[in-house]
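K.L.:
So you can see what is in the structure, the chains are spelled out below.
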Amino acid sequence: EAGVTQSPRYAVLQEGQAVSFWCDPISGHDTLYWYQQPRDQGPQLLVYFRDEAVIDNSQLPSDRFSAVRPKGTNSTLKIQSAKQGDTATYLCASSLTGGGDTQYFGPGTRLLVL
Amino acid sequence: GDSVTQTEGQVTVSESKSLIINCTYSATSIAYPNLFWYVRYPGEGLQLLLKVITAGQKGSSRGFEATYNKETTSFHLQKASVQESDSAVYYCALSDHVGFASALTFGSGTKVIVLP
Chain A
1 EAGVTQSPRY
11 AVLQEGQAVS
21 FWCDPISGHD
31 TLYWYQQPRD
41 QGPQLLVYFR
51 DEAVIDNSQL
61 PSDRFSAVRP
71 KGTNSTLKIQ
81 SAKQGDTATY
91 LCASSLTGGG
101 DTQYFGPGTR
111 LLVL
Chain B
1 GDSVTQTEGQ
11 VTVSESKSLI
21 INCTYSATSI
31 AYPNLFWYVR
41 YPGEGLQLLL
51 KVITAGQKGS
61 SRGFEATYNK
71 ETTSFHLQKA
81 SVQESDSAVY
91 YCALSDHVGF
101 ASALTFGSGT
111 KVIVLP
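Quick mapping for you: the protein sequence lines, in order, are chains A and B.
Counting from 1, one number per residue, gives the positions in the first sequence under this note's numbering.
Counting from 1, one number per residue, gives the positions in the second sequence under this note's numbering.
Everything labelled a hint here was simulated from the structure, so no lab data went into it.
Mixed in with the good hints there might be a few duds.
Residues of chain B clear of chain A, computed beta-carbon distances all greater than 10 Å [claimed, not checked]: (1) Ser16; (2) Gln47; (3) Lys51; (4) Ile53; (5) Phe64; (6) Lys70; (7) Thr72; (8) Gln78; (9) Lys79; (10) Ala93; (11) His97; (12) Thr105; (13) Gly107; (14) Ser108; (15) Ile113; (16) Pro116.
Quick partial rundown of chain B residues pointing at chain A, CB under 7 Å, derived from the structure [unchecked claim]: (17) Tyr32; (18) Asn34; (19) Gly43; (20) Leu48; (21) Ser87; (22) Val89; (23) Tyr91; (24) Ala103; (25) Gly109.
Just so you know, even glycine gets a beta-carbon here, dropped at the ideal spot from N, CA and C.
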């Protein structure tokens, strides 16, 4: 069974540039999560979906961040006008409702904003 | 909101010695959250080490154990004899499992260095 895949693995931007991250969850998993992990901190939830619906995006900086999961499978997280404070690893995870709350994580995308 | 506290940022221990990583939690939306330990080995992604969903129960995996203590709101991770391959970053987490899905709240992580 293939795990959660993410791309790109690394990104380096200047402040003000835009970037998109892509996530392909485990096949059949209905719930998809995006976390932000700054250096030396734990992952912090940005947004999560069940199928194509947003369940919680209260921690997503809505002025510059957006996330979609249009067909309830793959997802894209986009940062408009990146800031140095966005430097972090962006993790995607998926889970199956009724699967005991276990989330499976992708390898992450490491973002550096200069 | 919910929170998870790991007081040690880094722990260094010699091979074959015992290890304990402290974790305490606070869950405001539910009395008994699900509790997890995740681990990131060098060069690898975050993966589940163990989980316990019932207060008072113990979970175990790869020689590690953690007991869900609702009185002290703790979920410490222990191993009796560590190996060099246990060097990793360990994260304690909780989910409030409200509704049909819930996100994880993580601690800040504890980096474990096992010396040969």
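K.L.:
Next step is simple, just say for each hint if it's right about the structure.
P.N.:
Hints and how they fare:
1. Ser16: Nearest chain A Cβ is 28 Å from B/Ser16, so the label holds.
2. Gln47: 7 Å, violated
3. Lys51: The claim is violated: B/Lys51 sits with its nearest Cβ about 7 Å from chain A, within 10 Å.
4. Ile53: 7 Å, violated
5. Phe64: 16 Å, holds
6. Lys70: Correct as stated: the minimum Cβ-Cβ distance to chain A is 18 Å, above 10 Å.
7. Thr72: The claim holds: B/Thr72 sits with its nearest Cβ about 21 Å from chain A, beyond 10 Å.
8. Gln78: Given that every Cβ of chain A is farther than 10 Å from that of B/Gln78, nearest at about 20 Å, it holds.
9. Lys79: The assertion about B/Lys79 holds, with a minimum of 21 Å to chain A.
10. Ala93: At about 8 Å from chain A, B/Ala93 fails to clear the 10 Å cut-off, so the statement is violated.
11. His97: With a cut-off of 10 Å, B/His97 comes too close to chain A, as the shortest Cβ separation is near 6 Å.
12. Thr105: Since the minimum Cβ distance to chain A is about 8 Å, B/Thr105 lies within 10 Å and the statement is violated.
13. Gly107: Answer for B/Gly107: violated, closest chain A Cβ roughly 5 Å.
14. Ser108: 5 Å, violated
15. Ile113: B/Ile113 clear of chain A: closest Cβ-Cβ about 15 Å, beyond 10 Å.
16. Pro116: 25 Å, holds
17. Tyr32: With a minimum Cβ separation of about 13 Å from chain A (threshold 7 Å), the hint on B/Tyr32 is violated.
18. Asn34: With Cβ-Cβ at 5 Å, under 7 Å, it holds.
19. Gly43: 10 Å, violated
20. Leu48: Result: holds, 6 Å to nearest chain A Cβ.
21. Ser87: 17 Å, violated
22. Val89: At 9 Å from the nearest chain A Cβ, B/Val89 fails the 7 Å test, so the hint is violated.
23. Tyr91: 5 Å, holds
24. Ala103: The hint holds - B/Ala103 has a Cβ within 7 Å of chain A, the shortest such distance being about 4 Å.
25. Gly109: At about 5 Å, which falls below the 7 Å cut-off, the nearest Cβ of chain A leaves the hint on B/Gly109 intact, so it holds.
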